[in-house]
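So you can see what is in the structure, the chains are spelled out below.
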Amino acid sequence: KAGVTQTPRYLIKTRGQQVTLSCSPISGHRSVSWYQQTPGQGLQFLFEYFSETQRNKGNFPGRFSGRQFSNSRSEMNVSTLELGDSALYLCASSLAPGAGADTQYFGPGTRLTVL
Amino acid sequence: QKEVEQNSGPLSVPEGAIASLNCTYSDRGSQSFFWYRQYSGKSPELIMFIYSNGDKEDGRFTAQLNKASQYVSLLIRDSQPSDSATYLCAVNWGGAQKLVFGQGTRLTINP
Chain A
-14 KAGVTQTPRY LIKTRGQQVT LSCSPISGHR SVSWYQQTPG QGLQFLFEYF SETQRNKGNF
46 PGRFSGRQFS NSRSEMNVST LELGDSALYL CASSLAPGAG ADTQYFGPGT RLTVL
Chain B
7 QKEVEQNSGP LSVPEGAIAS LNCTYSDRGS QSFFWYRQYS GKSPELIMFI YSNGDKEDGR
67 FTAQLNKASQ YVSLLIRDSQ PSDSATYLCA VNWGGAQKLV FGQGTRLTIN P
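Protein chains in written order, with the numbering used here: chain A, -14 to 100; chain B, 7 to 117.
Mixed in with the good hints, there may be bad ones.
As the list claims (entries may be wrong) - With a straight-line Cα cutoff of 35 Å, these simulated DSBU-like cross-link-like pairs (lysine-lysine) come out:
(1) B:K62 with B:K48
(2) A:K(-2) with A:K(-14)
(3) A:K(-2) with B:K48
(4) B:K8 with B:K62
(5) A:K(-2) with B:K62
(6) A:K(-2) with B:K73
(7) A:K42 with B:K62
(8) B:K62 with A:K(-14)
Don't read these hints as lab results, they were simulated from the structure.
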């Protein structure tokens, strides 16, 4: 079974631009979560989608948004990029919310560099 | 108090020995606990998950959970150089499908 895929793997943008990252979950997985990883802050939760609905959101500004499609694929968007948005963005999928089905498997990540 | 705490290390263990990694968490409502391994430049890879108090063994790995003490640990037996990585403890916060991670413990296995 194929794992979580993320595109693109690497991105270089300049301040003020916007970016869209894509994630395809493991086949059959309906919950998709997004995380940001930086050396200073570690891994931080951005948001989670299940059945095309955002169920949980982390403490990030409104510039960070996302959506999920009917095939469970997800995208996240960052508008008006800032230097501090440079990070590894990780997508994780799980079968569904709830203990027993909530084990999250990570994709390879998208490395975003903002210049 | 941090939500999920781990010793950042580095933890250095000789090859063949037991590596012991510890984690405490502050939310009593959490039900699911995970250990991930992350090699430099790579994404986190699931090692173990545990939901019930006690021990869970999978090959050379044993996860231990004590909900009363809000404590999770990971033991790696017969440590190998390939086990050298950062180990991340994660808690599904309040059962909300939101993983909260510790800062990670950097483990080095010395041949």
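We went through each hint and held it up to the structure:
no., hint, result
1, B:K62 with B:K48, "holds, 26 Å"
2, A:K(-2) with A:K(-14), "holds, 33 Å"
3, A:K(-2) with B:K48, "holds, 21 Å"
4, B:K8 with B:K62, "holds, 26 Å"
5, A:K(-2) with B:K62, "violated, 45 Å"
6, A:K(-2) with B:K73, "violated, 44 Å"
7, A:K42 with B:K62, "holds, 31 Å"
8, B:K62 with A:K(-14), "holds, 25 Å"
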